[in-house]
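Listed below are the residues making up each chain.
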Amino acid sequence: MNWMESIAISITSILNQKLRSSLTLLGVVIGVITIIATMSIIKGLKNMMEEEMSGLSAGVFQVQKWDVQIGDDHNRHRRKARPNIGPEEVRALKENVPLARVIAPEIWKWNAVIKYQNNATNPNCTVAGGVPGFVINNGIEIENGRELTEQDVQFARHVTVLGSSAAQKIFPFRDPVGEYVFVNGKRARVVGVVMERGSMFGGGSYGNFALVPLTTFINWWGSERSWNVTVRVANPEKIKEAIDQATVAMRVVRGLRPGDENNFGIWHSDQLIQSFNEITKWIRVAAFGIASISLLVAGIGIMNIMLVVVTERTREIGIRMALGAKRSSILGQFLVEAVILSEIGAVIGVIIGVVAALLLGKAANLPIAVPLWSILVGILFCSAIGVIFGTWPAWKASRLNPIEALRYE
Amino acid sequence: MSSLIDFKSISKIYEIGKIKVPALIEVDVNIEDGEYVAIMGPSGSGKSTMMNIVGCLDAPSDGVYKLSGERVDGMTDNQLADIRNRRIGFIFQTFNLLPRADAFHNVELPLIYAGLPRIKRREMAKEALERVGLADRIKHRPNELSGGQRQRVAVARALVNNPNLLLADEPTGNLDSKTSYEMMELFGNLHSEGNTIVIVTHEEDIAAYSHRVIRLFDGKISSDVRQEPRNGSNGKFAGKPEE
Ligand SMILES: Nc1ncnc2c1ncn2[C@@H]1O[C@H](COP(=O)(O)OP(=O)(O)OP(=O)(O)O)[C@@H](O)[C@H]1O
Ligand SMILES: [Mg+2]
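Protein sequence lines correspond, in order, to chains A and B.
Going left to right, the first sequence walks through residues 1 to 409 as our numbering numbers them.
Going left to right, the second sequence walks through residues 410 to 652 as our numbering numbers them.
These aren't lab readings, by the way, just hints derived from the structure by calculation.
Any given hint could be a false lead.
As the list claims (entries may be wrong) - Listed next, the stretches of chain B that the computed footprint assigns to chain A, with coverage defined by at least 3 CB atoms under 8 Å from CB atoms of chain A: (1) 458-470; (2) 504-512; (3) 535-541; (4) 583-592.
What the hints assert, rightly or not - Straight-line Cα separation of at most 30 Å, BS3-like style, residue types lysine-lysine; simulated pairs: (5) A/K65 / A/K240; (6) A/K396 / B/K427; (7) A/K18 / A/K281; (8) A/K396 / B/K429; (9) B/K427 / A/K18.
Model, not experiment: these values are computed from the prediction.
Backbone N, C-alpha and C define an ideal beta-carbon position, used for all residues, glycine too.
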């Protein structure tokens, strides 16, 4: 017996029992919706993040003390032992990374306060010590005034560039450029203001923020902090090679032997995306968990319904056997029916899942993208469910004794 | 040459709990190719049991059944399915049509299991329905047909794959006498076309169409008589009645 026949028979028999079939399908539908909606939303978030990143940091990477870590940090103790990055490393990088166009060290300090007369920022202001190029390297722009200059750094001038929200907070009614403020108690002249970025990532770091020359930073707050080194490569396509060069330069200056682990971190936007995948992994696992449970329940439902179907159609099975149906034909017929049943659920689930994801995306203003593979996974999963849970009833049907099946009332 | 149907000491014993119900007791019978046989006997005498064994739907508890010289007991389920499909056409008292399928699809079923392509099936099923005079009822479902028409669909289904053995278990049991006679005429024609026919019946005037009457009583053959058929058929076995 061919497949077309089995499929035709199955569809007829499912349609004959619409209500019962649709109740059975509920679990399948929910499972597939869960997979598709979750994966679409995660993909949407990721797209948005990639969009944000591509503009600001193509061709830029950072050398710093720690590896990028979002979420839980289990290895904090072990990594305590790492040396700080300082002038030595910057010199090594400058000498040994020929692919780099800019090598810009930065020092960061958190929980500072900036004051102007009686106004003060929130006490969680970020202060960076930097060099010319800081602005472009960090993907920000100057709205008003100027950036740091070579002279600012060379002479350790007491100047600062303010983040937009810091500037607004302490200069609500006037232009800050040219005014003197206190950056964590140190008096500095405002030379520029960073443009506000209404972005989800990054914008926050440069809002309540102040930038001072690297040298000034060290004079004021000492040199025991580790530096971050931003490396901008001339050709963004060569970023991988540049990272390799930087890794070698760092290992040499640190005197690491082959086999020693890197005692510094290098990261760029790709790694941020990796970290994003790290966090969302658990969301995905949870979604698959929910989907699996509902598909399992659905599978049991399908098995149950198929057992009922087989019992109801015992006589039909007897007739088919009397007319020459082989056991394998009967098995195939009911297996196909179980798979089609769950596939109908899958298709409904895909449709509702995609619509739900798009609506959610509209509501939350996310660039939703439905990943094709999630649809495939949904559909394949459902086929598997149909086969796994349809086998026992179909096998039962195929083992019926023809004459007893014919006599069944 | 071996008989078409060869029963050697066939017994069938049903066990219901501890009680054993013997339905057939050491039955010996031979039916040759081209015979037209009626099986008679009181209710519960084992007629259906015998037919089911002949039709390879059921297996005997004991004895040897050879179909065209081949032992049936050694066959696999697939071989048995194949025999039911190609060599035997079974007609049931209760028609046993698929209720939700139309006449055409019901007749087409054996051809599907024979693995024939759609076009071929269409042709053969139509032809079989024409032979039983139902060319204009192809799209009707069983519940849209009269009893006689349903039975004719069942006959068309039994014929469609050109089996050489037609088995009918009380084919007229649910039909009025006029329709019954029409059915028997159809059987007569099929017999004259060379089919071997075995029918089970309670009615003497139905049995009268056959060339040989086997009577069962309590699971045993009580008589086996050849006779001159009433009319219609001019089959090969129109020999003298046996005493
Ligand atoms: N599946 C079964 N289980 C137990 N006993 C059975 C079964 N089928 C038949 N029998 C018994 O076997 C005997 C013969 O039954 P069978 O159906 O062959 O009779 P029959 O001659 O066809 O009768 P009828 O004319 O009423 O159809 C009966 O006594 C019946 O009770
Ligand atoms: Mg009977």
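Hints and how they fare:
1. 458-470: holds (count 4)
2. 504-512: Coverage by chain A holds here, the residue count being 4 at a Cβ distance below 8 Å.
3. 535-541: violated (count 0)
4. 583-592: violated (count 0)
5. A/K65 / A/K240: holds (19 Å)
6. A/K396 / B/K427: OK: A/K396 and B/K427 at ~26 Å, within 30 Å.
7. A/K18 / A/K281: violated (38 Å)
8. A/K396 / B/K429: Between A/K396 and B/K429 the Cα gap is close to 27 Å, so the pair holds against 30 Å.
9. B/K427 / A/K18: Outside the cut-off at roughly 44 Å; violated.
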